[in-house]
Structures are given as C-alpha cells and as structure tokens.
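Chemist: Hey, can you work out the whole structure from these sequences and the hints?
Chains as they are written, first to last, in the numbering used here: chain A, 1 to 363; chain B, 1 to 363; chain C, 1 to 363; chain D, 1 to 363.
Keep in mind the hints are simulated off the structure, nothing from the lab.
Hints may be right or wrong, so weigh each one.
No copy labels: a pair is met if it fits in one copy or bridges any two.
Said to hold, decoys possible - Straight-line Cα separation of at most 20 Å, SDA-like style, residue types lysine to any residue; simulated pairs:
#, residue 1, residue 2
1, 88, 66
2, 362, 221
3, 362, 148
4, 43, 178
5, 362, 166
6, 88, 62
7, 88, 168
8, 143, 309
9, 313, 272
10, 143, 359
11, 313, 279
12, 190, 363
13, 43, 161
14, 181, 47
15, 88, 46
16, 181, 198
17, 313, 277
Nothing here was measured: the structure is a model prediction, and the numbers come from that model.
There are 4 protein chains.
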Amino acid sequence: MSGNSFGAVFRVTTWGESHGRGVGVVVDGCPAGLALSEEDVQKELDRRRPGQSSISTQRKEEDRVEILSGLFEGRTTGTPISMLVWNKDAESSAYDALRNRPRPGHADWPYTARYGIRDHRGGGRSSGRETVGRVAAGAVAKKVLTENGIRVAGYVLELGGVRAKIPNNVDISSLRDEAEKNPVRCPDQKAAEEMVRALDQAREVGESLGGVAEVVALGVPPGLGDPVFDKLDADLAKALMGIGAVKAVEIGAGIVSAGMRGSEMNDPILPGPEGLEFATNNAGGILGGISTGAPILCKISVKPTPSISRPQKTVDLSTGEAVEIEIKGRHDPSIPPRIIPVAESMVALVLADHLLRLRAAKI
Amino acid sequence: MSGNSFGAVFRVTTWGESHGRGVGVVVDGCPAGLALSEEDVQKELDRRRPGQSSISTQRKEEDRVEILSGLFEGRTTGTPISMLVWNKDAESSAYDALRNRPRPGHADWPYTARYGIRDHRGGGRSSGRETVGRVAAGAVAKKVLTENGIRVAGYVLELGGVRAKIPNNVDISSLRDEAEKNPVRCPDQKAAEEMVRALDQAREVGESLGGVAEVVALGVPPGLGDPVFDKLDADLAKALMGIGAVKAVEIGAGIVSAGMRGSEMNDPILPGPEGLEFATNNAGGILGGISTGAPILCKISVKPTPSISRPQKTVDLSTGEAVEIEIKGRHDPSIPPRIIPVAESMVALVLADHLLRLRAAKI
Amino acid sequence: MSGNSFGAVFRVTTWGESHGRGVGVVVDGCPAGLALSEEDVQKELDRRRPGQSSISTQRKEEDRVEILSGLFEGRTTGTPISMLVWNKDAESSAYDALRNRPRPGHADWPYTARYGIRDHRGGGRSSGRETVGRVAAGAVAKKVLTENGIRVAGYVLELGGVRAKIPNNVDISSLRDEAEKNPVRCPDQKAAEEMVRALDQAREVGESLGGVAEVVALGVPPGLGDPVFDKLDADLAKALMGIGAVKAVEIGAGIVSAGMRGSEMNDPILPGPEGLEFATNNAGGILGGISTGAPILCKISVKPTPSISRPQKTVDLSTGEAVEIEIKGRHDPSIPPRIIPVAESMVALVLADHLLRLRAAKI
Amino acid sequence: MSGNSFGAVFRVTTWGESHGRGVGVVVDGCPAGLALSEEDVQKELDRRRPGQSSISTQRKEEDRVEILSGLFEGRTTGTPISMLVWNKDAESSAYDALRNRPRPGHADWPYTARYGIRDHRGGGRSSGRETVGRVAAGAVAKKVLTENGIRVAGYVLELGGVRAKIPNNVDISSLRDEAEKNPVRCPDQKAAEEMVRALDQAREVGESLGGVAEVVALGVPPGLGDPVFDKLDADLAKALMGIGAVKAVEIGAGIVSAGMRGSEMNDPILPGPEGLEFATNNAGGILGGISTGAPILCKISVKPTPSISRPQKTVDLSTGEAVEIEIKGRHDPSIPPRIIPVAESMVALVLADHLLRLRAAKI
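Modeler: Okay, structure coming up:
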C-alpha cells in the first residue's frame, strides 16, 4: 500500500532508487505566493551531500536539483512542486555478489519478504539516497516556517561514545552555527575533535559508530498539534523514527523522565511577556500533544552504519545455505553527521504541516 | 483539523470527554466474519479500569461497553463497529478552582491556546479516560491478530527507579502472565514488591513516579510496513508517543544502539526453519521499516503523573497573575501499570492495520 | 477497507444498521467555539423523518438525537462531536423470508458478495436509515456555513414525470420555503399537487416513482475547491452520487451543455460590485473545479424506490433456484421528497470541508 | 490544501503546468511484480496526443514518457513509479494579452481567487495538458486490471447534437475498436461522419461543440466498492466529474431512471453460470455502491470547448473595466474525442484502487 507520502496538508511524496534514473519529490499543498528558488533547495542538498570531508562516503555526487513545476516568476503558485535530482556515478557491479545474500542490519531481507522483487543495487529504495527528496521538500518547508518566525536546527550530541558538553545556559540558536564548523556537526568543538578521532580509528578496523542527534525548533507558537492521535509529538516521533538507522526518539526530558518525580518533571508556569512562560522545559515544548510556545526539543538515537568492512554471517536465499559476506564500496563510518539535514527536514515538514492544519481549525 | 482517527485500513475514531456523557470509538475497516462479543472487549477494558488496587486511582467505574453496530449473529459484518461506555460518578466541582489556572505538566494551557475553549472538568478530552476507546478498539484488533497467529504483550520494566531483572533466555511469551500477577504489572515479582513500596512512599509525600514499559509482539510475519514514511517502526513510534505521558519510544536496542559498533549491532543472519533467522534481535524485529519475522520489541519511557498533591506554580489566565495551586481529587501516583493495556492496544492497532495493508499490495 | 468517513478537514464517520441498536455519527474537525444545541440537529432530523404525511413510509420513529461529546456550555470545543439516535419499532420478522433472496434493485446481493455476511434486517447498513447520521452531521456543517454567510437549499424539480415550472427570474433563495409547504417538497405548488396524485396512483398499483431534485448553495465565496482531483464539482459529485438511489449528478447546465455551442455555454464576465460577476450561470458556480462566487447548482436524478409491492424475479442463494418474491412492509413510494435533507447535508458537508481547507492554504 | 492525489491504495499524484518544464505523475501503491514498460505507457499517451487529425489541435507534441523509478528488470518493485514528459513547443506570448483578462468558461478567474497568483501561460495547471499524468497512470492501472480480467473501454455517443445509434444487442467489447477507426471516436461510423462535418462547420464560424461519452468496464467482479461514502459509483462520479469540461455523470440508466417506475427500473435477477445474473442492466453494474458483476456503465456530458474564436465579454482585473477579448492559438473545437483516454484512465484508476482495497478486507 502507498507509504511514500507524508503530511496531511503540506504533503510530500518521494520517489527513486539509489541506482535508478534519479530521485525526487512532489510537494503538494505548499501555499501560493512563497518566494522560492532552486538555490534555496540546493543550499540544503549541499549540506546532505557526501564527499565533503574524510568523514563521509567518497561517492561524488553533484546533486543539482531541478524544480519542474509549481513556480511562476519566482513564487510558488499553490500547485504541486516537482523536484528532481538525476543519479550519476552509480557502479552497480559491486552489488552483484549480494543480490541473493541479505546484508545484516540492512533492509535487504524484509524488502524481499514484502515485495518479492527488489532492486538490490546500492540498497535500491531503502538507500540513504532517498533522503534527497526529503531534504528538498524540507527546504521548502523551512521557507514556510521562516515566513512564520520558526527556525529548525540540528546537531550531533554524541558519537562513538563521545558526548558533547552543552552548557545549561547556552543560547540554543547558536548551537547549529557552531556545529556546522566541523565535519561531525557537533557544537562542542573539543568533543568534535575526539569524535573525528574515534571515527578514524573505527574506519581503520572496518567498524562503524552510532550516536545521538538533537533537533530543536524555536519560535513555534502554542497550539500546534491535533490530539488525540495526530499529536505534535506523535507526528514528530513518526517522522524521526522513519529515518533509516534511527532506533529511539525522545521529546524533552525523554527517557530521563522515567526516573523523575512529578515535582521535578512538571515545568512550573510563570507569568511571561506573552501571557505565560515555563521555568524549565522538561516537556520539550509539548504538552498533551500540543505545542506550548517553549522550544521543541527532539533527540534521536542512531545505530552504527550497518555496512562494515568485516566478514558477516548471512544466508544465500537461492540455496538456503549459511555464507559469509564482506561489503565493499564506499560507506559512511557513521550516520549522525549526515542525518542532521534529514532530521531537520522531517521536523520542518511536521511543523509546516501542523501550522497549516491549525489554520483550518477556525470558524 | 481532524486528528481523532488512527490507521489507514483498520481505522479507529475515538470520541468523548472525562466528564461528558460518555466515551467511545468507531472501528471502521474491520474485516467481516470475525467472531466478536461484548465480553471480548469488556475483558480488556477491565484491565485498564482504575480502582482495582491501592496502586491506582480510587474512582469507581463500571465501564460496561455496549457494541451498537457492526455485529450480526456474533460476527462482524464489515460495517463500522460503534462502541460506547457511559460516564458515571463524575464530580466536576473539584475542577472549578482550576478552570483558569493551567496545571503544570498537563494539557490545560495548550488546549486553551489551540481551541480557545476547553472542557476543564477532569481534563476534558485530554483525560486518560479517552483511552477507553483505544482499549476497546485494541480488543478488536487483538482478535484480528489472534486469527493470524500474532500475540501482543506488555509489562512494566522500571518504576520509580526500580528496574526489573529479565533473564536473557526468558520465554518472552510468559512475561505478561507473570506481570499480571501483581498490581504494578512487572514480570519480576521481587522488583514488583519494591515498586509497590516506592509508590506507597511517593504517595505519602504527595509525589508521583515515572517508569518504563515494554510491549512485544510475537508471531508477526516478515513483510509488514510501508516505506519510506509509513514504516512499521515509524507507525509504532507515532502510536506509542501519542499516548499521554510517554516521552520516549525505543525499538529493539533503542538508545543503547547509539553506543554500539556495527559488528555488535548487526544481527547475524542464520539459516532457519522458515528460511532464515537472526542470531540476536537488536533490530527489535524491524529493518528498513519492515518486519523481519523476529519478535517486535518496543519500549516507552513514561513521565511521572503530572497531578501531584503539592503546591505548584502557575498563572491565573483571567488575571495574568502568578498563583499557587494544589490539585485535589484522586490520581494514580504512577501511570505505567495502567498504561500497559493502552500501549498493547496501540501496538495491536498498528499491526492489524499493516497486516491488512499488506493484503492490498498483491496483484 | 474503511469507507464510512467523508471529508478531509470537516470529517464525518457514520455507523449503524437499520435494525441494530441505533445509528449515529462522529464529526471530527468542526472548529471550536460554534454555538450548537441538540435542537439545531433535531430540527434537521425532523425534516428527514418518515411518517409525516401520506407520501412517506408509515414507520413511526421519534429519532431524538443525543449529543454525547464535543460540546461545553453550548459551544463546540474542537473535539469530536458524537451523535446518537436509538433505533425503535424495528420489526425484523418481515425480512426473514428475504434473507437468502436478494431483492432486485437493492444492495442485498453485492453486500453478500463484498462481505460474505450481511445483516439482512431492514436492509442493514444499506438502509436509508443510515442517512440519520448524515443529516445530523449536515446540521452541524450548516451551522458552520451560516456563520460564513452560506445557505444550502434543496427541492424537488420532477416526480413521476411531472416537471415543476421555475420562472427564470425567480429568487432562488425563496424556492426552499415554497417547497417545504407541500409533502413532495416542490416549489411549484401546482406541480406539487400533480405529483401527489401521481404518487397516490403509483401506490395503488404497487409501483414506485423516480424524480429529480436540485440543491443550490448561495453565498459561496470564490476560491473553494482543490484541483486537480479534489475539485469542488468532483467532491459534490461524489457526495451526491453516494446517496442511495441517485443515478446521475449534474452541475450547472449539466447534460444540456452537451448540446450547446461554446458561445452559448460560456458565461460572459461583467464588472460587478465585488470585482466581477457572470451574466449567466451555465457553469453552476464552478469553473476549473473552483467556486466562482455565483450560486452553486447541482441536480440529481433519483431512481424509483426499489421496494415495490409486486412480484419480482430473483434467485434463492441457498438453492440457486429462480424464485419470485413480494416485498412487504412499509416503504416510501418515492424517494426525492425525503432525499432533500440528505442531499442538502451532503452539499453542506462538502462546502464546510472546502471552506476550512481553503484556510489551510495561506502562508 | 493538497488536492493533486487520487486513490487510497493505488494512489497517483500529478504535477506540471502547460508551459512549465514538463508534466508528470507519481504512482504509489502499485503492486510489485507487474510487467511494465515505457511502451505500455506510450501507447496510451499516443491516444491522447493532439495533432493526429484535422479534428484536434495542431500543436505538435512528441510526449515521450520516461519512467524514472519503480521498475527493475521490466517489473514493478512496489516502490513509487515516477513518470515524466517534457514540455516542448510552448509559445507563451499568445497568452500575454490575457494575463489579467479571465477567459469566459475557463478556470482563469477562480484560480486567481483561490491562489492569488497564477501561471496564465496556456492555462497553467488547469490546462488539459495535465491529463498526460492521468493517462500515464491510467496505463499502469489498466495493466493491473488486465491481470485481473478487467477491460475498460470508452467512446463518443454524441457530438454537436449528432447521436450515435448503438444496437441493443451489440457486443460492447467491440465498441471501442469500432470507435478507434475514426477521428471522433464514435462506434457508429455513419454518425461519426456527421460529427466530423458538424465540427468542420463549427470551426469555420469560430464555434465549439459539446458531446456525450460513455465508458464501460467489463469483467469487474462483484464486491468492489466501500459504502457508505466510498461507494464505487461515488468514486467514479468524482473521478469523471473531476475531468475538465465534464458537467454531468450518469451511472447505468442515469437521468432516464428519474422517469421510470420501480418495476421497469429494477433489474430482474436470474440464475446464472456464476450464481446469478441480471436480465437487464439499468443499474449500470452497481447496487448500493458495490459492483454486481454486470458491466459498469458510465456516461459523461462534456461542455463545448470554452476557447472559441469569437469576441467575448470579460473584465480586465487590473482596471476593473469591461473589455472584449478574442482567443487566439490552436484549440480543439470539441473535447469528447480527446477525453476518451482520459475518462478511461480515471475509470481504470478507480477500479484498480477498489480492487486492491477489496483485498485488504479479508481476515
């Protein structure tokens, strides 16, 4: 059944496989009159592009976006925005040996179980390359948010066991700028250096590392979210858990809240310039599934890249026999640095969608 | 905008407020021919009912379900199943003092921001009482799953800092039976006793406690889930994060995966009786957003009950002034034990929906 | 699959069978703050109730609506509005003989083919009684429309071959008032008398009659409708064709347009008090699937009631043999007079939904 | 709000404007394993292409489809099928004079009212060129139907007042073949000649003509359709009314049923080789919104092309003044012949969707 669309009002549909003709996205429901250019989108695609540093995969991709519809004289027209990035530089032969041998930690086996047929080249549809469409759509969503005073920012909190130190009183709007200064996208420059070292060591021994990323949204007005099922935190959880390699999603205090007492967890309410404000933000900006006006705080735990340069056990589906495989080709030793623009995009898609949904709720 | 429905094929819509006429649910898309009785549903509602022990709130609710449609001669007809539970025993006066004073940790303020008007009595729509509809619908979903050899079971892993010890080689199908033997629904009887003590102590000082619950699904065939957005883990995350008080959702190894190396995280694939099986289950039964055939493992972190018997800071919305409030009435000192049937229901709804969606995917 | 909901933002879900416990509807997505009472809904239900005259079926139904949720102190809260009408006076024994003998012109056979099981009593889910839920929801939609200056009105244009004469320059806002003065709901009193006579004659010989009804919407602002698939006329066509017994839907000039030339069909555009207006309204207030600001004009052709008191050929499904059946019980000899409140409701649901959708389309 | 997708399981999203970069469609939910080639799609696109005869517009379009995703080794993979046709030969200058002057009978004014901004070149999004995406998607749907023994065929019944004579006992599966033999797609060759003459005369005087088309579906099994709102006839009505220029949709006897008596209208049920069959088919293959197993019969009334070479009254939106415009450029003098592949496609989309939905309805 159709599962390649996301959002109710601001609705995106991605398409494309890793080694097919290209990848793309159709954005439907974007309001008319928004200034938008290919450069706006390209800027975000460049952030997700691999090959920018020693940290990420060496595959050279230009990834130039083409906007094929929905724009007129530099503004959106309210009609679908179709965006396309051609695939290049795809060497599929490296995958031939794996055609019938599902890679551990990858989607190979369940895709076979689900569809019976599978484009095995480069991971096919389950490749990280599919996120090109998400990031392109996210760039449009971010423009909608910017018009409404909302900013989304992501960064790496932990990588390979190295944890960033974020001072309590830091201006969170500065964290992303700090993070963009290093290849692991960590706002703590010292930790970033250690993370890079950990990655180098892991690569040497054919290993990969997991980590934790955080995405925050600033300027979100109170009132976003549609209980009891389309709650803002529920939709954020779906958006973020649906990114490949994410194994946990936390809102606000997250798992820490399980060990807290009510008097610690509850954020005291104080009079504020806009009616009220919160003394703390354990809620992560969401109560009852609706935004409170405080910053939205999401954390994701990302597993280590499943493609490792070590022998692994699997089964040859054509013979049923146990075999050992070794995965060749270029792979990121860690996903969190490259997941940042994707995670930001998913949060932006959820917020843009709920912002527009809120408008439909007035007599 | 309408956010009170869940599911694409097996679709449920809940309605009702804590102190309104009643609460209920309409289940649309349940296949025809399923044997179903009010007793099937009542059994599950009885599990969520408060007042069963000293642990949970003292409110007496009979919560007798009435099935109003969709059944004929003991079987479903494929038409909507409407289920209703009348509200009784609602004393609303206790809430009068809080009408304009949003309770910290509750949905009071964001509902006001979202809707402008709010039924403040007993939490209105954001009350835990809304989950009656979820559990009733979940009972129907469980019947569909049982017909297909799938079983869903939940239990408490941690409460007030007390952690259950689950032996590595335990038969997970026995955990729920163990858990149902004590009021905190913990399969480790020793830990359960400690949890009860912790709750008693917390209640004495007007406090509340958080905890962790796990839900497993056994017998799920490979192939469930619709990438790239309606992945099985994404939909589970939405379903579980959308339960009140849940602040984190983990699949399989969850947050622990962030600290693992690829060779540890990847579950080796071995030949098995049904083609292949996995040596470990860090994936939690889901790869690439599709079930693998291994048990589905979900964990949720639940914050402490926001209603505590201690003075708390808030703002009177009618005057804008800082005030202190004390919440009276009966409240559970901890949510995890009562959240179990709700969490099981949400997992069952996701699985039943994706099971039916998979059928629509064949030529 | 779930097909019992209608609308994207203003979304209704009906439930219930003719001889079950009751019928009802859940309205989700109704904006908060709307004044609403049971009397508002009852007023519309009374218009659809049978037994008001010699024209319609003699079944006595009180059909008192109960609003179970979504209201607080006389206003909607933005949460689901659940409405219930209990079934009474159901004599099911008359249907026993027909359990395995599908009635010609009825849904008996396809329901059996679709679901395998069927509540045969009184037509079960396919009974006209299901429209109680539609009319109740339509009453809420009409309140939303009234707040926005929109009025929906329906009347009978033709019955049993008798055609009403509507003067060209008539004030269409007066047509419904005229129509409500007679039992066939025809605004031409002279034609109405003939229609009543035709019905009496038909009833005497065990026959039934078809007819044509028109629904107009006045005050609809330009801009409603979401091309290219959720066009306003497309959604109206779905809404109206989905009412039992409707076999054709026309917008504006309708089938007559097939015989026109371009210069006749095109409505000339003239300067008007609100920018522009149309010299004629062959378009029926919709161009390119979007409202133009002119009155919306819809016509439906309604087949004669399939239940007739004459012997009819069918097959006994348990034996496969050809048999003759005669349908007993009380039946309307003609549907158009009673379809009016249902058709108005469906048009109101479409307009309320698109009115709210339009709000979600602004940056 | 997003209105550019159609279907619940077999879901298509079209994009593109008349004079933009191109037009296309994403098909999501097509089952895996279906043999599909660009030639399958091209064949249908060639049927809708203009410039094939003196009857249709002279614009030269190659309209070569490119399938960008969702295929692997000649078969669908269950992932989205993205199809693209580049725009060529677009002269936009002819439209400059009309930028602020809405053409009567066109979507110019309501698009301006709806979106505030509008790509006026060639009708922009409301151009008939958008149907390229529908026909491409329809070609895929037809492949799914063929696999299931279902065939969809359309032809012109009436044009410019000339009515085809279809013998009562004709084999309807032959009608489309007959229709494809002449440029007006009418199965009655004699009537076709008259239609061509009528068109020539209309073109000479700068006029355009309307007409009636019929689409039939053969081999549809009983059981398709999801009451009470997603009935098969309701979805067909939406699909067909949503095609530009369609002003009426009829199922089976259609408007004629309004003048019939119950005993004439009801199709007698007889024993048949597959259980039962119908002596007549006034129902058009649908009862209670569900297919009966008899052929599905739909008729559409199509208004004359709004673009005519005669002076027409409109308003200049920049000045508010009444003006006269004359539309230049190439236009079909009549839409029905070219609407056939589009109408067939929409019917195919509805049937493929409901066929898959039916699969999701089994325990």
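Chemist: Tell me the numbers of any earlier hints that the structure contravenes, in ascending order.
Modeler: When the structure is compared with the hints, numbers 5, 7, 8, 12 and 13 turn out to be violated.
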